[in-house]
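**Q** So the protein sequences, as listed, match chains A and B.
Each residue of the first sequence is one higher than the one before, starting from 1 at the first, in my numbering.
Each residue of the second sequence is one higher than the one before, starting from 1 at the first, in my numbering.
Read the hints as simulated data drawn from the structure, not as lab findings.
Where hints are given, some of them may not hold.
Unchecked claim - SDA-like mimics (lysine to any residue), calculated; alpha carbons at most 25 Å apart, straight line:
1. A/143 with B/63
2. B/221 with A/143
3. A/143 with A/229
4. B/221 with A/328
5. B/221 with B/350
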Amino acid sequence: MRSAADRRAVLLQGLGLGVTAAVVWWLARNTSVSLAQRGLTLGFAFLRHPANFEIGDTWWLSFSPADSIGRAIVVGLFNTALVSALGCVLAIAVGFVAGILRLSPNPALRGLVRAAVEIVRNTPLLLLLLFLAASLHALPPPKQALSPVRGVFLSDRGLVLPAVAIGRWTIVFVLAAVVALTLRRRLGTRWWIAPAACAAAAFVSALVRPPAIATAQLEGFNFVGGVTLSPELAALLAALVLHQSAHISEVVRGAVLAVPRGQRDAAGALGMSRWQTLRLVVIPVALRAMVPLLATNCVSLIKNSSLAVAIGFPDLVSILNTAGNQTGHSIETMLIMIVVYLSLSLLVASALGRYNAHLLRSGTAIS
Amino acid sequence: MSAPALPVTHTSSVASAIRRCFATPVAAAVTVIVAGIAVAIVVPIARWALVHATWSGAADDCRRAANGACWAFVGHKAGFILFGLYPAAQRWRPGLAAAVLVALVVCTAIPRYWTGWLLAAWASGLALAFLVMHGGIGLTVVPTQQWGGLPVTIMLTALGLAGGFPIGVALALGRRSRRPLPRAVATAIVEVVRGVPLIAVLYVAVLVFPLALPTGLSVDKLALAQAAVIVFASAYLAEAVRSGLQLVPARRLDAGLALGLGWWQTMQRIVLPEALRTVLPSFISIAVGFFQDTSLIVIIGLFDLLNTARSASQDPNWLGFYTEAFVFVGAIYFCGSAALSRYGLWLERRMARAHPGARVPLPLSLTVAAPPE
Chain A
1 MRSAADRRAV LLQGLGLGVT AAVVWWLARN TSVSLAQRGL TLGFAFLRHP ANFEIGDTWW
61 LSFSPADSIG RAIVVGLFNT ALVSALGCVL AIAVGFVAGI LRLSPNPALR GLVRAAVEIV
121 RNTPLLLLLL FLAASLHALP PPKQALSPVR GVFLSDRGLV LPAVAIGRWT IVFVLAAVVA
181 LTLRRRLGTR WWIAPAACAA AAFVSALVRP PAIATAQLEG FNFVGGVTLS PELAALLAAL
241 VLHQSAHISE VVRGAVLAVP RGQRDAAGAL GMSRWQTLRL VVIPVALRAM VPLLATNCVS
301 LIKNSSLAVA IGFPDLVSIL NTAGNQTGHS IETMLIMIVV YLSLSLLVAS ALGRYNAHLL
361 RSGTAIS
Chain B
1 MSAPALPVTH TSSVASAIRR CFATPVAAAV TVIVAGIAVA IVVPIARWAL VHATWSGAAD
61 DCRRAANGAC WAFVGHKAGF ILFGLYPAAQ RWRPGLAAAV LVALVVCTAI PRYWTGWLLA
121 AWASGLALAF LVMHGGIGLT VVPTQQWGGL PVTIMLTALG LAGGFPIGVA LALGRRSRRP
181 LPRAVATAIV EVVRGVPLIA VLYVAVLVFP LALPTGLSVD KLALAQAAVI VFASAYLAEA
241 VRSGLQLVPA RRLDAGLALG LGWWQTMQRI VLPEALRTVL PSFISIAVGF FQDTSLIVII
301 GLFDLLNTAR SASQDPNWLG FYTEAFVFVG AIYFCGSAAL SRYGLWLERR MARAHPGARV
361 PLPLSLTVAA PPE
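With the hints as constraints, model all of the structure from the sequences given.
**A** Here's what the structure looks like:
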């Protein structure tokens, strides 16, 4: 039955579609006029042109101003990926510790952690970032570098860490062992053979070529050897980790508190010790409640890493902005920015959706 | 500390807290270590901020007292940090505008004032604040390029949320609509805006959007930034409203329709009030986030509270006192955010008292994780 209301709805939607199309057409026409006035044409051909700008921080990929803009964008993407990966791992680790400490029965310990969390949570991330960047730049030169731990140096050139050199085959075998472990369900009853073999191979390769730790040495005016994080990278990483771990600590605390009291009592009634209750009941249940929130926190850390542009760290946003300003192709560069971040967010959202569905199916979701 | 312990119910008495600090030998040891850490953090800060601080004078006085804070710098620059490039003789005007906005926010926070009058108060208050800031009618006109500091931060936040709210409600209703067009449009807007960083939205507003306007028409940069904040806020508010709408039982809508109310009337009088009430605490946490995130306009070169502090610390006569500037504005941000968060907690408790056993919405971040339908 098509009622009058349905017909009206179709009519209204048609009208709405028409208006939307008209507005979009109008904006597009204005844009083409503005671009024509500037002598620009839309298109991604500019990505092949030489960049003509320097990039301060490059990881994995070398870059010189003669390289193409496309390569510059990939360098920026790698930098964003580096900051995001390191940031997420460190933020989860710090946030976990802080969240668990906030559940301590000792009011003094709880209070100290809470004070730190509240200070970070109630001030803008950008303020923290600008402050840390300014502080790192104000450090003494390498000759008078601070060295809180042997092999770690803090100076106005940034943070210098010892480099760990691991044989290539060791890394390959360890990764293979991890992959085999994650696929154990598909490997049948003798699933343990593959990961065990990989682990043994990794051990042998580590014996053949033992992992070495190289500390940096001061030579002349700078450090040689080791890994150097530029002041911008160090500040960005520290600010992101501090900020996000404060939020993650709340997630961890909330998830543990959300485990129903009855489950703990039941474990106690079964004769489990306090530690067993925690390990076998509370943490597994809390982890399930935590995973989606940890993932959204990681996504927001990745989005927040775009603040790099404020302190001049060449992340994706910063390089796209530079490229857009230099070539005038800001529409295209913004499009790239939106597509990259959006696909990442949607990817995480769909993965979480599947995770939630999996929990609901297996009946292990709480509440 | 041994195994991470399970939470203990809070008691208010200080004495019992102290007793618990020293309940067992391990607890006592932990307490002593924590106290040591606290002293190691607080004492140097106190020595810097209070004991060795310079409270008045010029930059040279501060440099002579090398290891203390230079509050003289903050005193000297407070006008600039709070009000930006606004002409010094006219600073009472942004001061008044900020006071009007803060008063509006405070009134909005009091449940007794949640009536139609509040809307009228907002309309007239915003008009007054704009008039005072901008000038005209006997006051010298001050273009927005010279606006800055606290009034800009408060304006971006308050107007962003106030403007984003109706759009957010519309988007939430659109996303739950049975009709394909509103659902598609609303879903696309919400997911795209929430999927990208605020900086991307600001860049699009300031760099790309002006290209799409007829030639010769130029829009004020601050207005563009404000529009971007409104759009960004509307997407986040829409998700909060949607999670509230999901908690309203479908039979409410049916009951309203059965009573002969139209769809709009039922929404307006029955469903939306209930939905919005349940998600008020989420609104507050969104507000706290936006109060802090408006600082991102630093990146497009506008002068909010954070940028004025940064510029003040780059004054060649006062180089090296950035810590004081950041501590000063950090304290302002802290007070604003902490007050808002406390208010959110108070609202939550008040609601729990008024509607015991009511369904509580999932934390917003959980609904954030939900995939787009």
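**Q** Tell me if the straight-line CA distance from residue 143 of chain A to residue 229 of chain A falls inside 25 Å.
**A** Given pair residue 143 of chain A, residue 229 of chain A holds - Cα atoms ~17 Å apart, limit 25 Å.
**Q** Compare the distance between the alpha carbons of residue 221 of chain B and residue 328 of chain A with 25 Å, and conclude whether the hinted pair is satisfied.
**A** holds (18 Å)
**Q** Given the proposed pairing of residue 221 of chain B with residue 143 of chain A, does the C-alpha separation stay at or below 25 Å?
**A** Given that 25 Å is the threshold and the Cα spacing comes to 45 Å, the pair is violated.
**Q** Are the Cα atoms of residue 143 of chain A and residue 63 of chain B separated by 25 Å or less?
**A** Holds: residue 143 of chain A and residue 63 of chain B sit about 23 Å apart, inside 25 Å.
**Q** Assess, step by step, whether the Cα of residue 221 of chain B is no farther than 25 Å from the Cα of residue 350 of chain B, and give holds or violated.
**A** Since the Cα atoms of residue 221 of chain B and residue 350 of chain B sit roughly 41 Å apart, the hinted pair is violated (cutoff 25 Å).
Consistency with the previously given hints fails for numbers 2 and 5, ordered from lowest to highest.
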